[in-house]
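Chemist: Listed below are the residues making up each chain.
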Amino acid sequence: MAGRPLIIDTDSGHGFAEALMLIDGCGLFDIKGVCTVFGSASPRRGAAHAAYLRELCGGQWPIVTGSERPLVVRRKDTGTKSDCAVLDELAPAAAEKVPAPEHPWDLIYRTAVEQNGELELFCTGPLTNIAVSVIRHRDLPKYIKKITIAGGASRRGDATPYAEFNIYSDPHAFKCILDAGFSQIDLVDLEFCRYAHLTAEEAKNIGMLSSGNPWKSLLEKTVTAGNPRNKELTGLLELDSAGSVICHDAAAAFVLAIPAAVTATGVYTMVEQRSELSSGRTLFDFGKRFTDGPNVRLATYTTREMYSDFYIRCLRSYDRRVLR
Amino acid sequence: MTNRIPVIIDTDMGVDDAYSVMLALSSSQLKVLGITTSYGNVDAEAATLNAIKILELLEKRVRVAKGASGPLFGKMRKYSNSRGAFIHGKDGLGNKGYSLSEPVHIEVETDAVDYMAELIKKEDTKVTIVSLGPLTNIATLIISYPELRSRIDGIAMMGGSAYSGNTLPAGESNIVADPEAAQIVLQSGLRIVMCGLEATEKAYFIKDDLEMFRLIGGSVGRFYYDMTQDYMSAIEKLSGERKAVIHDSVPTAWLLNPSVLKARACHVEVDLNGQYTRACTVTDEICAEAKPNVMVAFELDRDLFVRMHIEAFKQYR
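So the sequence lines, in the order shown, correspond to chains A and B. Position 81 of the first sequence, counting from 1, maps to 81 under my numbering, and the rest follow consecutively. Position 94 of the second sequence, counting from 1, maps to 94 under my numbering, and the rest follow consecutively.
To be clear, the hints were calculated from the coordinates, so they are not data collected in a lab. Hints should not be assumed to be uniformly reliable.
What the hints assert, rightly or not - In the DSBU-like style, the derived pairs of lysine-lysine whose C-alpha atoms are separated by at most 30 Å in a straight line are:
1) A:LYS288 with B:LYS90
2) B:LYS237 with A:LYS288
3) B:LYS202 with B:LYS90
4) B:LYS207 with A:LYS288
5) A:LYS231 with B:LYS262
Between the sequences and the hints, there should be enough to build the whole structure, so can you do that?
Modeler: Encoded structure:
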């Protein structure tokens, strides 16, 4: 039976690698394409990373490159967030020739129409490609079943005191998506990682995967060995820093795959676009004090054990593929 | 007592301000030099009248000076339509201020800012300012009497919030009332303890606490009990929880016993131009790019907070 049709829109990075491992490994999805956008890497480098990761999955989906900059704002620091060192090392530059000759906004719209309202979008980077899709194809929302976004912060941000990197990078794009009329937007903010993360022990076990598991080498270097980004996030979330392993994109992939394992609350969400100090901050009207009905479903809770069980099961599924 | 802390209380005299003033005046640790008033929960005239009425109820001889009737820039929202009237009652004292006798004493004629300056100059030691309302008076003092900065020991303020809002999605009412004034104060270089919503929303009384005040506090306790009933109902309508959140007592409680709060040094600036975030006190807990300028309170010991008020009310039995 075919899985749920899905297009992934990403700025690459090690988080994207883990998210893709989960999405492909869980066996629930039929990946229709990967689009790249500026952010952790340039769209072209992101496409090279995506091509390398596609090989690990044994997949066939198209990879297309998208926006190189935000819609309106100009950030001096977007495109420089270094979370790709290991991918850069593993993915040969030649793979940059891989992208298919189609724009993300056209791939998304064409696929959405073909899938007759069943297509889902999963976004792990700035939302510029999706916003351009809406601007170019105003009726896109009626063909999209659901968008799941790794973005936003209900407490602390990682780009500024309040703003999360993906939304900060292009707040106007997020606003465009909020206003576009999508029937369901699932938002996975940084705070959700408080519940969805791995322990140090679980991360260590990744190093003990069978040598035939295609993800072994990459995850040993990015997850087991730890990285500065992880240290930053454990500090932000005030988690026990004795080795908790946090991956925002992977947490969002978990919400995408198994929404029934997650508590979510409908909440009206706003994004600040004008302020110098607060640009990109997501504001949530939890008390329904300032606005009317909800416009997103915000993932607020899961058990850490469910997340780690899902993570390990997906990763182990590649062992079985090798054995077969 | 030789080492009493000299304080000036700047207030927009609503229900929770009345608790704060009572707590301050009941303590032998504080020397309340004067009270200044401003718009906020009520207009400046009503705030002044309320302050004098509360002082007479408490039988304390402290002088009151009326201050700002609006923010430094721009217009003030009309009081009768404001959230303040809904929460604090039309008179600002839970619709029970009318039951107090007309005051015998009158306010001082000096403007609040000049009066603060006069009090600070007269005092031998540095003065602490307790700020319970919009920061307009204090900002005006800072910009118009720069030579007095060194005579101010610090500011204990109720206002702001690191992560939420009450009047706006990211704005707390005292900051929303005058964001520019708040920014002047926060950037002044003075020592500041910011008691924002993260701490003050934990500073609440429930029905049993109020009953206790009524039983042990004589006529003062009975008035405070009555004054708090409509206030508690208004909060219940907004939040669904029947409790009286006494935000403004928090800075006073901190002055009396710092262990009532857990605070940490942060860099705080006021957002002055956000579409949704204007008046947000942008709180950088990590201080990656700027030095800490404020001690921000995040936790409050509610049991201790309640006990401090019980001890204060006992003086009026």
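Chemist: Give me the numbers of the hints this structure contradicts, sorted from smallest to largest.
Modeler: none
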